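Quick mapping for you: the protein sequence lines, in order, are chains R and Y.
According to the numbering used here, the first sequence is numbered sequentially starting from 4.
According to the numbering used here, the second sequence is numbered sequentially starting from 253.
Think of the hints as simulated: they come from the structure by calculation, not from any bench.
Note that the structure is a prediction, hence the values are computed from the model and not measured.
Hints should not be assumed to be uniformly reliable.
As the list claims (entries may be wrong) - Below, a list of computed lysine to aspartate or glutamate pairs in the DMTMM-like style, where the Cα atoms sit at most 25 Å apart:
| hint | chain 1 | residue 1 | chain 2 | residue 2 |
| --- | --- | --- | --- | --- |
| 1 | R | 46 | R | 34 |
| 2 | Y | 339 | Y | 315 |
| 3 | Y | 339 | R | 85 |
| 4 | R | 110 | Y | 349 |
| 5 | Y | 339 | R | 50 |
| 6 | Y | 339 | R | 16 |
| 7 | R | 46 | R | 16 |
| 8 | R | 46 | Y | 331 |
| 9 | Y | 339 | R | 62 |
| 10 | Y | 339 | R | 51 |
| 11 | R | 46 | Y | 297 |
| 12 | R | 46 | R | 67 |
| 13 | R | 110 | R | 94 |
| 14 | R | 46 | Y | 315 |
| 15 | Y | 339 | R | 49 |
| 16 | R | 46 | Y | 349 |
| 17 | Y | 339 | R | 157 |
| 18 | Y | 339 | Y | 349 |
| 19 | R | 46 | R | 62 |
As the list claims (entries may be wrong) - Chain Y is nowhere near these chain R residues, computed Cβ spacing over 12 Å in every case:
| hint | residue |
| --- | --- |
| 20 | 9 |
| 21 | 24 |
| 22 | 26 |
| 23 | 43 |
| 24 | 46 |
| 25 | 80 |
| 26 | 85 |
| 27 | 86 |
| 28 | 99 |
| 29 | 144 |
| 30 | 145 |
| 31 | 154 |
| 32 | 165 |
| 33 | 170 |
Quick reminder that beta carbons are idealized off the backbone N, C-alpha and C, glycines included.
The residues making up each chain are set out below.
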Amino acid sequence: MSATISKRRLAIEALVDRLEFITQANDYNTDAGNLIFVGESPKLGEDDPRSALAVFVRDDQPIEGESAITRAGICRYRLPVEIHGITTPEEGVSPGMAYEGLISDIKEAVEIEGREPGSISAAVSRSLGALGVTLPTGLERGTTRVQYREGGSEIVACVVEYSIDFEELWGHP
Amino acid sequence: MDTRPPLEAALGAFGLPAVVTPPDTAPVETTAFWLPPTAEAVPGDSRLQRRERYRLLVLSRADVPVCPRGTVVEVAEWETGEVLAWKVDAFEDADVDHHRVLVLPVPES
C-alpha cells in the first residue's frame, strides 16, 4: 500500500505547477515562477533573483452554510491560500506598474492553465489538479493587496488570495 | 551648546571625492561619506521578504545647499572603491550642516 497523497496536496502541487509557468520566456512580465516557496517564509538577499513567489496555506473553514463534516461522512471545506510575490522594477518601469505586472502574472498563471506564449487563450480553469481533486468550480479568487516601494528600497510586493473548495470522504483526505 | 563633532572632522576622516548634480543644476565637486548601511527585510510585514541594504550618504550643505530627490551623486563604492553613480531616493535626516540621504544605484546604461 502506498502512502496517500491528499487532495489538498494535489491541489497545491497543481497550483505551484501553474505558477512555475511565470517566466518572461513564456511572455509574462516577470520571472517569478523560477523561484517559488511553499510553506516557508524566506528572507531573500541581494544575490537572489529579483522576483519570487511564496504560497501560504491558511486555516481551512467550512463552506458557507455547511458544517465541516456532513451527516453522510463527507467533509466539504474551503482552504484559503495566499500567493505572495516580490519583484524589483526593471529600468524605466515604475514601482506601481511593476507590482501590477506581478499581480497580472499570478492571476493569469493560476486562472488560465498552461497559457501558451503569445496567446490570449480564454481556456480559464476554475478547479485545480485532475478531475475530482477540487470541486468543479472550487477555485475562487479573493482580495489582492499591494506593498508600495519605500524610499531607499527597490522592492515592491503583492498578495493575491484564492480559496480552494474540497470534498473528501471521511478517512480519505 | 552643540557638543557634536564638527562635520569637517568626519569628512576629513571618511570623506571621498564626490560630484553632486541636482536636477537641472551644474555639477558640484565636494566630499561625501557613507554611513554604515542598514540591512532591513522588506516589505516589513510580509511573509516573503528580501533583505536589502539601505545606503546612507552624508553631503555637506556648505557645498551642496540643496539636494532634492533625483540628485545624482558620483562617488566611490565603499567596498570596492569603484566610482559609481547614485541617485538620491529619500531623505533620512537633515541637519544644520549636512544632508543624510538614502541613495540607490543608477542602472548602468
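Right, here's what the structure says about each hint:
1. For the hint linking residue 46(R) to residue 34(R), the alpha-carbon distance of about 18 Å falls within 25 Å, and the restraint holds.
2. Between residue 339(Y) and residue 315(Y) the CA atoms are separated by roughly 18 Å; this keeps the pair inside 25 Å, and the hint holds.
3. For the hint pairing residue 339(Y) with residue 85(R), the CA-to-CA distance comes to about 35 Å; that exceeds 25 Å, so the pair is violated.
4. Among the hinted pairs, residue 110(R) with residue 349(Y) is inconsistent with the structure: their alpha-carbon atoms are about 50 Å apart, more than 25 Å.
5. Note on residue 339(Y) and residue 50(R): the hinted pairing holds, with a Cα-Cα distance of about 21 Å set against a maximum of 25 Å.
6. Restraint check: the Cα-Cα separation between residue 339(Y) and residue 16(R) comes to about 42 Å, which exceeds 25 Å; the hinted pair is violated.
7. Restraint check for residue 46(R) and residue 16(R): the C-alpha separation of about 23 Å stays at or below 25 Å, so the hint holds.
8. Taken as a hint, the residue 46(R) and residue 331(Y) pair is honoured in the structure, with Cα atoms around 23 Å apart against an allowance of 25 Å.
9. Distance hint between residue 339(Y) and residue 62(R) is unfulfilled; the C-alpha atoms sit about 44 Å from each other, more than 25 Å.
10. In summary, the hint linking residue 339(Y) to residue 51(R) is supported, as the alpha carbons are separated by about 23 Å, within the 25 Å threshold.
11. Proximity of residue 46(R) to residue 297(Y) is assessed by CA-CA distance (about 12 Å); at most 25 Å being required, the pair is judged to hold.
12. Our distance criterion of 25 Å between C-alpha atoms is broken by residue 46(R) and residue 67(R), whose separation comes to about 36 Å.
13. With a CA separation close to 24 Å, the supplied pair residue 110(R) and residue 94(R) stays within the 25 Å bound.
14. Restraint check for residue 46(R) and residue 315(Y): not satisfied, since their Cα atoms lie roughly 39 Å apart, outside the 25 Å limit.
15. Restraint check: the Cα-Cα separation between residue 339(Y) and residue 49(R) comes to about 19 Å, which is no more than 25 Å; the hinted pair holds.
16. Using a Cα cut-off of 25 Å, the hinted pair residue 46(R) and residue 349(Y) is violated, with the two alpha carbons roughly 37 Å apart.
17. Between residue 339(Y) and residue 157(R) the CA atoms are separated by roughly 12 Å; this keeps the pair inside 25 Å, and the hint holds.
18. With a C-alpha separation of about 21 Å, the suggested pair residue 339(Y) and residue 349(Y) falls inside the 25 Å cut-off, and the hint holds.
19. In summary, the hint linking residue 46(R) to residue 62(R) is supported, as the alpha carbons are separated by about 23 Å, within the 25 Å threshold.
20. A cut-off of 12 Å between C-beta atoms confirms that residue 9(R) is not in contact with chain Y; the least separation is 23 Å.
21. Distance check on residue 24(R): its Cβ is at least 19 Å (rounded) from any Cβ of chain Y, clearing the 12 Å threshold; non-interface status holds.
22. For residue 26(R), the shortest C-beta to C-beta distance to chain Y comes to about 18 Å, beyond the 12 Å cut-off, and the non-interface label holds.
23. Here residue 43(R) does not stay apart from chain Y, with its beta-carbon only about 9 Å from theirs, under the 12 Å limit.
24. At roughly 5 Å from the closest C-beta of chain Y, the C-beta of residue 46(R) falls inside 12 Å, breaking its exclusion from the interface.
25. Every CB of chain Y lies more than 12 Å from the CB of residue 80(R), the least distance being 23 Å, so the non-interface label holds.
26. In this structure residue 85(R) is not separated from chain Y by more than 12 Å, as the shortest Cβ-Cβ distance comes to only about 8 Å.
27. The claim that residue 86(R) lies off the interface is violated: its Cβ sits roughly 9 Å from the closest Cβ of chain Y, which falls inside the 12 Å cut-off.
28. Even its closest Cβ contact with chain Y, about 15 Å, leaves residue 99(R) beyond 12 Å, as expected for a residue assigned away from the interface.
29. The Cβ of residue 144(R) sits about 19 Å from the closest Cβ of chain Y, beyond the 12 Å cut-off, so the non-interface label holds.
30. The Cβ of residue 145(R) lies farther than 12 Å from every Cβ of chain Y, with a closest approach of about 16 Å, so its non-interface assignment holds.
31. Its closest Cβ contact with chain Y, about 3 Å, brings residue 154(R) to no more than 12 Å, contrary to its assignment away from the interface.
32. With 12 Å as the threshold on Cβ separation, the claim that residue 165(R) sits away from chain Y holds: the shortest Cβ distance comes to roughly 16 Å.
33. Non-interface call for residue 170(R) relative to chain Y: holds, since the shortest CB-CB distance, roughly 29 Å, exceeds 12 Å.
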